[in-house]
Amino acid sequence: MDRNEPCPCGSGRKYKKCHGAAVPPEAAALAPDARAEWLRGDTVLQRQKRVGQELLDWAERKLGADWVDPALDAWGVSEEDDINEAVADLFTAWSLFNYTSAKLAKPIAAAWLDDAMGRKADEDTRRLATAALSSPLGLWEVETVEAGVGTTLTDRLSDTTCFVHEPDLTHDLGPGEFILAYVIETDGVRVFSGLHADSLLLMDGKTLLASVFTDAGVSAPPIPREQQTDPAWQIRLARRWTDTADAAYGDDDEYDEEPESER
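Going by this note's numbering, 486 is the number at position 1 of the sequence shown; the sequence numbering is gapless.
Since the hints were made in silico from the structure, they are not lab data. Being a predicted model, the structure only gives us computed values, none of them experimental. Built from N, CA and C at the ideal position, the CB exists for glycine as well. The reader is advised that the hints may include incorrect statements.
Pair ranges (Cβ atoms, derived) [as the list claims (entries may be wrong)]: (1) E670 - D599: 16 to 26 Å; (2) P510 - V703: 37 to 47 Å; (3) D672 - P709: 24 to 34 Å; (4) A695 - G549: 35 to 45 Å; (5) A701 - A514: 34 to 44 Å.
In silico SDA-like links for lysine to any residue, alpha-carbon gap of 20 Å or less [as the list claims (entries may be wrong)]: (6) K534 - A606; (7) K591 - Q713; (8) K534 - T655; (9) K605 - Q538; (10) K499 - P509; (11) K591 - D558; (12) K691 - A705.
Just need the whole structure built from these sequences, with the hints factored in.
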């Protein structure tokens, strides 16, 4: 994008005076072509964050402050409990792009795209929301990491490898780790649209992967895409991921209740 255009984060400032100025040292040291690619990825990442907030605000205006309660019920979080911070980002993406609201008869993002607010949005924003609506939940193994730039990942459920622009998380990831995440592609760039905060070490990730394959009735990838994009299946995978992380690194009682889809 032109660095004099408005920043996609929605601040109203020019990109070069906002997120375009916040270039980490690793990106600043890149060759000109690679740095231009980093800036393009950062534009998409800031747009993704802005769109997520716009959808949350729209859902509250359209459906009321308690719009998320049915989604929490389906996820398996009781009214007395708060969702665990480790899964909050993943749940937000699921509730906006995968969960079908009974009041709208479609996901929040799909309803927003059909609403006047979504129809008047720019094409970049609409493409991003559309991409997120069809994004499967992947069980990703980290192949390589470029700190401050991004990471090459392989989704072991679909046997898909790609590079994801992600400046911050790369400082905490290492090759061989597994992450549970939605990855979207738009404008030739891939970014996370929601992920579980807990990664798994190689052995734990492979153990979980083997059990997922067994349950899916396959011995090797790919698991059918319609299964990866099924909201109820995504809940079960997130639950199993959390249980595996808890067993390996500590206890968490977030999923004490069975989701309605499993009762």
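Checked hints:
no.	hint	in the structure
1	E670 - D599: 16 to 26 Å	holds (23 Å)
2	P510 - V703: 37 to 47 Å	holds (44 Å)
3	D672 - P709: 24 to 34 Å	holds (28 Å)
4	A695 - G549: 35 to 45 Å	holds (43 Å)
5	A701 - A514: 34 to 44 Å	holds (43 Å)
6	K534 - A606	holds (15 Å)
7	K591 - Q713	holds (18 Å)
8	K534 - T655	holds (18 Å)
9	K605 - Q538	holds (17 Å)
10	K499 - P509	holds (18 Å)
11	K591 - D558	holds (17 Å)
12	K691 - A705	holds (12 Å)
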